[in-house]
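Enquirer: With the hints as constraints, model all of the structure from the sequences given.
There are 2 protein chains.
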Amino acid sequence: MPDSFDNVSVSTKANVYFDGKVVSHSLILADGRKKSLGVIFPGEYHFGTADPEVMEITAGACEVVIDGTTETRAVAAGSSFTVAANSGFTIRVTDSPCEYICSFGTP
Amino acid sequence: MPDSFDNVSVSTKANVYFDGKVVSHSLILADGRKKSLGVIFPGEYHFGTADPEVMEITAGACEVVIDGTTETRAVAAGSSFTVAANSGFTIRVTDSPCEYICSFGTP
Numbered sequence: 001m002p003d004s005f006d007n008v009s010v011s012t013k014a015n016v017y018f019d020g021k022v023v024s025h026s027l028i029l030a031d032g033r034k035k036s037l038g039v040i041f042p043g044e045y046h047f048g049t050a051d052p053e054v055m056e057i058t059a060g061a062c063e064v065v066i067d068g069t070t071e072t073r074a075v076a077a078g079s080s081f082t083v084a085a086n087s088g089f090t091i092r093v094t095d096s097p098c099e100y101i102c103s104f105g106t107p
Numbered sequence: 001m002p003d004s005f006d007n008v009s010v011s012t013k014a015n016v017y018f019d020g021k022v023v024s025h026s027l028i029l030a031d032g033r034k035k036s037l038g039v040i041f042p043g044e045y046h047f048g049t050a051d052p053e054v055m056e057i058t059a060g061a062c063e064v065v066i067d068g069t070t071e072t073r074a075v076a077a078g079s080s081f082t083v084a085a086n087s088g089f090t091i092r093v094t095d096s097p098c099e100y101i102c103s104f105g106t107p
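Top to bottom, those sequences are chains A and B.
Per this note's numbering, the very first residue in the first sequence carries number 1; after that it's consecutive.
Per this note's numbering, the very first residue in the second sequence carries number 1; after that it's consecutive.
If you're looking for bench data, these hints aren't it; they were derived computationally from the structure.
None of these values were measured; they are calculated from a predicted model.
Think of the CB as a built atom: it goes at the ideal place given N, C-alpha and C, for glycine as much as any other residue.
Among the hints, erroneous ones may be present.
The calculated DSBU-like cross-link candidates involving lysine-lysine, where the alpha carbons are at most 35 Å apart (straight line), are [what the hints assert, rightly or not]: (1) B:Lys13 with A:Lys21; (2) A:Lys34 with A:Lys13; (3) B:Lys34 with B:Lys21; (4) B:Lys34 with A:Lys13; (5) B:Lys13 with A:Lys34.
With the Cβ distance kept under 7 Å, some of the chain A side facing chain B (calculated, not the full set) [unchecked claim]: (6) Ser4; (7) Gly20; (8) Val22.
Away from chain B, derived, C-beta distances all over 10 Å, residues of chain A [said to hold, decoys possible]: (9) Asn7; (10) Ser11; (11) Ala14; (12) Lys34; (13) Ala50; (14) Val54; (15) Glu63; (16) Val64; (17) Ile66; (18) Val75; (19) Asn86; (20) Gly88; (21) Thr106.
Expert: Okay, structure coming up:
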């Protein structure tokens, strides 16, 4: 997973969800692809998707249940999970903050 | 204040301070200047500076006391304050999250 993204446009305003338990900053790559860089503090949260999303975990760990499934999947730093468009997922963080790179749209 | 910074390099890892009460992402402009985009949740925090810093408040508000001074200054969105190198500041946020653009080094 990359340490940085170069030649991007980054929004100066953060995205703050769940009273600050999830914080991200949005960026747009030179080729137009959209990503966000975020931190999830301990708790359990549900997010809906509009576009498909790839969630790469860069620090910490989480457990994920994709909408419409019952399987709980453990995802550690260095691993990722994908979510279809117009779906969603429940993510649970129990320990140290979980950091992610979220990529929107078809990879 | 800008809505976005273009043609920057952004670190994928966040900076998490004070148990997640302050979260930022670091970026480097094309000309080498360094900035961070952050969110401060309610509380009072002290930061030391190495380089000079300009803190532009982009959302919410805060109160600031620069190290070595006794004046409390209220800083609202759209305003900024500066801190010298090798100094520091105490920042207090009491209401909704305070967002900032921090610029390091001589402006």
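Enquirer: Over 10 Å from every CB of chain B: does asparagine 86 of chain A meet that, or does the non-interface label fail?
Expert: Its Cβ never comes within 10 Å of chain B, the nearest being 27 Å, so this holds.
Enquirer: Just checking, lysine 34 of chain A versus chain B, shortest CB gap more than 10 Å?
Expert: 12 Å, holds
Enquirer: Against chain B, run the beta carbon of serine 4 of chain A and see if the smallest gap drops under 7 Å.
Expert: 5 Å, holds
Enquirer: Does lysine 34 of chain B pair with lysine 13 of chain A here, judged by a C-alpha cut-off of 35 Å?
Expert: With a Cα-Cα distance of about 17 Å, the restraint between lysine 34 of chain B and lysine 13 of chain A holds, given a limit of 35 Å.
Enquirer: Taking C-beta pairs only, is alanine 50 of chain A more than 10 Å away from all of chain B?
Expert: Label holds. Min Cβ-Cβ 21 Å, cutoff 10 Å.
Enquirer: Going by Cβ atoms, does glutamate 63 of chain A stay more than 10 Å from chain B at every point?
Expert: Consistent with the label, glutamate 63 of chain A stays out of reach of chain B, its closest Cβ about 19 Å off (over 10 Å).
Enquirer: In terms of Cβ atoms, is chain B entirely out of 10 Å range of valine 54 of chain A?
Expert: With a cut-off of 10 Å, valine 54 of chain A remains clear of chain B, as the shortest Cβ separation is near 14 Å.
Enquirer: Run the C-beta distances from serine 11 of chain A to all of chain B and say if the shortest one exceeds 10 Å.
Expert: 5 Å, violated
Enquirer: Does valine 22 of chain A meet its interface restraint, that is, does its C-beta lie within less than 7 Å of any C-beta in chain B?
Expert: 10 Å, violated
Enquirer: Are all beta-carbon distances from isoleucine 66 of chain A to chain B longer than 10 Å?
Expert: 23 Å, holds
Enquirer: The output says glycine 88 of chain A does not contact chain B. Does that hold with a beta carbon cutoff of 10 Å?
Expert: 23 Å, holds
Enquirer: Say whether it holds or is violated: valine 75 of chain A keeps its Cβ farther than 10 Å from all Cβ of chain B.
Expert: Since the minimum Cβ distance to chain B is about 16 Å, valine 75 of chain A lies beyond 10 Å and the statement holds.
In this structure, the earlier hints numbered 8, 9, 10, 11 are contradicted, and the remaining ones agree with it.
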